[in-house]
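Here the protein sequences come in this chain order: A and B.
For the first sequence, our numbering assigns the number 1 to the initial residue and increments by one for each residue that follows.
For the second sequence, our numbering assigns the number 255 to the initial residue and increments by one for each residue that follows.
Don't read these hints as lab results, they were simulated from the structure.
Every residue gets a Cβ at the ideal spot worked out from N, C-alpha and C, and that includes glycine.
Be aware that a few hints might be false.
[To be verified] Pairs of lysine-lysine residues, derived as DSS-like cross-links and limited to a Cα-Cα distance of at most 30 Å, are as follows:
1) A:Lys-251 - B:Lys-380
2) B:Lys-332 - B:Lys-449
3) B:Lys-371 - A:Lys-251
4) A:Lys-168 - B:Lys-295
[What the hints assert, rightly or not] Computed spacing ranges between beta-carbons, pair by pair:
5) A:Ile-99 - B:Val-283: 28 to 38 Å
6) B:Leu-441 - A:Phe-75: 34 to 44 Å
7) A:Phe-238 - B:Lys-332: 49 to 59 Å
8) B:Gly-296 - A:Arg-237: 56 to 66 Å
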Amino acid sequence: MHEWFNKDSIFWRLLSILIFFSAWEIAGRVPISPAFPTFIDTMEGLFRMISDGSFFEKYMITLKPLLVGVFITCFFGITFGVSMGLSDRIDWLGQPVFIVLQAAPVSALIPMITYVYGIGFTSKIIAVCILAMPVVVLNSINAVRNANTSLIEMSRSFQGTRMQEVFKVILPDASPMIFAGLRLGVAGGFVGIVLAELLITPTGIGDLISYHRSVANYAEMYATVLSIILLAAATVRFFERLEVRLFRPEKQGT
Amino acid sequence: MAAETSDTSAKAESIVEVRHLSKTYDGRVRALEDINLSFPKGQLTTLLGPSGCGKTTMLKIIAGLLEPSSGEVFVNGKKITGPGPERAFVFQDFALMPWATVLRNAAFGLELRGMAKNERNEIARKYIAEVGLTGFENSYPRELSGGMRQRVGLARALAVNADVLLMDEPFSAVDEQTRRKFQEDMLALMEIEKKTFIFVTHSIEEAVYLSDQVVLLSRLPGKVSEIIKAPKAAGSPDEIRRDKVYLDTVEHIWQTLRKYLEE
Chain A
1 MHEWFNKDSI FWRLLSILIF FSAWEIAGRV PISPAFPTFI DTMEGLFRMI SDGSFFEKYM
61 ITLKPLLVGV FITCFFGITF GVSMGLSDRI DWLGQPVFIV LQAAPVSALI PMITYVYGIG
121 FTSKIIAVCI LAMPVVVLNS INAVRNANTS LIEMSRSFQG TRMQEVFKVI LPDASPMIFA
181 GLRLGVAGGF VGIVLAELLI TPTGIGDLIS YHRSVANYAE MYATVLSIIL LAAATVRFFE
241 RLEVRLFRPE KQGT
Chain B
255 MAAETSDTSA KAESIVEVRH LSKTYDGRVR ALEDINLSFP KGQLTTLLGP SGCGKTTMLK
315 IIAGLLEPSS GEVFVNGKKI TGPGPERAFV FQDFALMPWA TVLRNAAFGL ELRGMAKNER
375 NEIARKYIAE VGLTGFENSY PRELSGGMRQ RVGLARALAV NADVLLMDEP FSAVDEQTRR
435 KFQEDMLALM EIEKKTFIFV THSIEEAVYL SDQVVLLSRL PGKVSEIIKA PKAAGSPDEI
495 RRDKVYLDTV EHIWQTLRKY LEE
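Chain A on its own, in the form it takes in the complex (with noise of 0.2 Å):
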């Protein structure tokens, strides 16, 4: 009985989800505003939605873009991040464009994506990769920085070439702070591609967005905006787990 009691029981966990929701309810039933919709309203407007077709089809035009985008961050992001770890002279190159895309408010460069770009996917993806991008990029460069040097010293004294050095040690090391980056990055993705469908052109969820706002369904609108939340949620919690798998296999099971 007391298994249930502890921390990181299942528990714990539907309890907080629970009283969430409820104070969700409540608030809509209070109400705080006319269009905010209480809890069991908007899941109505999730099944409708569902039931209509329009949410599964508007989310495949949504996460095509998203998934290019986060595939093209993570690969290139962790490249350029360790290369610019890895020797000054590319850092001294690369790392100042990064540092001011990250600082900068790069929301305000997607309409300019536009003029470029067209209003289609290549838009899309960019915005996902200019939010996204910096900080996979800063995180990897510092993960790489920071790794222990005396693990360094060690692969040296044992011989260890500069390739062994990199994947055998200090990859490995750094793995933990790169794939925070990543974490973070993938959350980045997911306010671009949100921010892209609602500034570029209502497409996918983001047509779910404003459709559902110009017509006043706010149960749907809710519904779409709390999906795309989970999602998000669900992906940097896949990340989590993906980087204990490949490269902490001392943390598994914790």
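Go by the hints and put chain B onto chain A.
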């Protein structure tokens, strides 16, 4: 007995030669100045001195991990230019990979040499047993105590079958009781392995207890102040710790080092 030991060590050929070695950091801090030393084969030499005397610097230069500012190091008669297979290093902070099991850590030196997995694991298992860690092959470093972690570091260094083991304060991050046990095991291990050990420590007792030869270094710049042939007493560890010659040597070293501390 003391005379006998120093006689044999005088005859022993040296495996590591350090000639006119100097190291200056940032062109200002003189860590080592004109060090000339020879390390007899099959013996344990301790580098002992106050902190900041450059003893770890010297060890890392011998390991090939640091470049000397001037001077040369010869191992087996050859001038060294970097790390080599005839030398293995044991790190003060253990330098174990937290994501790798004890077995993989112990076999890592062989893995870097490209040895096949089965072969290297078999060798690593043998040395894991020799340092007393059988049964922990699949544990991760964080599941081990400090003393056990350093045993993994030692197994890794032994596994590559180097002639010279360079140990940088290997027991300083280990608690006192574990440390004593570890020292006793080290003596037993030296009997089996017949390797040359170069050992850095700041513990006088540890130096005299383990060494055939103790090199005393002075501070800033590090210079050889005295070389003491430590008489290694026979008998059980407890007998050695109460041995008259042992205690006299410890006292003598302390009186010498004290001068540097008071300067």
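Which hints, by number, does the structure contradict? Numbers 4 and 6 - these are the hints that the structure violates, sorted from lowest upward.
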